[in-house]
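J.: Residues in the sequence shown are numbered consecutively from 1, following the UniProt record's numbering.
One or more hints might be untrue.
Here are the simulated distance ranges between beta carbons [said to hold, decoys possible]:
#1 Ala140 <-> Thr231: 16 to 24 Å
#2 Arg182 <-> Tyr272: 29 to 37 Å
#3 His210 <-> Thr231: 39 to 47 Å
#4 Ser236 <-> Arg193: 13 to 21 Å
#5 Glu229 <-> Asn87: 29 to 37 Å
#6 Ala245 <-> Thr118: 40 to 48 Å
Don't read these hints as lab results, they were simulated from the structure. Quick reminder that beta carbons are idealized off the backbone N, C-alpha and C, glycines included.
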Amino acid sequence: MAIKVVSQIPGLDIEDLKLKGFKVHELPASVNVPVSSGRRDFYKMGLVNGDMTISYGDKILEINDTVLFFVNPNVPHSVVRRSKKTNGYACLFTEVFMTSRERTEVLKRSPLFQIGDTPVIPLNSEQAAFMTGIFKKMLAVHNGNYTYKGELIKSCIELIIHEALRIQPSHNAPQFKNAATRISHLFIDLLERQFPIERADEPLQLRTAHDFASNLSVHINYLNRSVKEVTGKPTSVHIAERITAEAKALLQHTDWSVADIAYALGFEYPTYFNNYFKRVTGTTPQSLRKK
């Protein structure tokens with residue numbers, strides 16, 4: 001019999017999560033259906049003990065022990081449990097929840113949430129006991145009436161991330177020669193994480209150098225100077241090339257209308273997109289599609 005996969009996560013109210021910014025819960029002993037593969041708009045970290053298969057991006061991970069499991073919202077994933085004895089805890093939170101600059105930096109730049117790293121960290125009995133204590137604390141705070149529960153949950157999230165890095169340092173953590181190299185890497189990473197565009201009703205959010213500078217909390221002149229120094233090309237050129245490349249892909253490999261593609265790429269009107277595309281490529285979107 002084929003396994004039926006559904007898009008809902010058992011016991012999770014998505015609207016409530018978006019409203020509060022976080023949710024902590026104990027995993028049920030068994031679930032009738034696995035969680036479907038897909039991209040969502042929240043991060044997830046879990047402490048899991050059981051027999052299961054985790055599909056994460058292009059990786060298939062077989063789990064039969066106690067592990068920490070980290071999920072990046074940009075990576076499609078699914079979990080199939082093979083035993084009713086599975087147990088553990090999960091903490092889900094939105095990027096907006098980690099509001100301060102320092103905490104957002106910890107989250108975004110943590111190698112545990114980078115696509116190239118393995119999302120699973122095996123734990124020994126001592127490490128598992130320590131992590132269990134943190135998740136139990138978060139669960140108690142989540143279910144209680146403490147006025148500053150959000151701040152306490154954020155601190156616990158940071159502690160779990162740092163403890164996980166101490167247990168298993170990332171093999172993909174970038175080494176930067178100087179500050180300019182670092183900010184250029186962050187800019188390129190932020191640019192690339194917006195693609196590929198999969199839905200016409202979710203338009204591109206960062207389209208200008210000012211957008212990226214604001215997101216990275218740096219002055220636009222510093223961003224432009226650093227990117228030009230390290231890559232040899234201005235920030236605006238990187239953005240234009242990437243948007244144009246995505247536009248070509250959407251024109252050639254989807255049946256979206258030119259208007260839908262324009263809106264998906266963040267253009268207010270299709271005419272603006274047509275003029276932009278012709279200025280950059282020398283041809284119109286319709287001409288490219290016909291070719």
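J.: Confirm or reject each hint.
T.: Each hint, compared with the structure:
1. Ala140 <-> Thr231: 16 to 24 Å: Violated, at about 48 Å.
2. Arg182 <-> Tyr272: 29 to 37 Å: holds, 34 Å
3. His210 <-> Thr231: 39 to 47 Å: violated, 19 Å
4. Ser236 <-> Arg193: 13 to 21 Å: holds, 19 Å
5. Glu229 <-> Asn87: 29 to 37 Å: violated, 51 Å
6. Ala245 <-> Thr118: 40 to 48 Å: At roughly 29 Å between Cβ atoms, Thr118 and Ala245 fall outside 40 to 48 Å, so the hint is violated.
When each numbered hint is compared with the structure, violations occur for hints 1, 3, 5 and 6.
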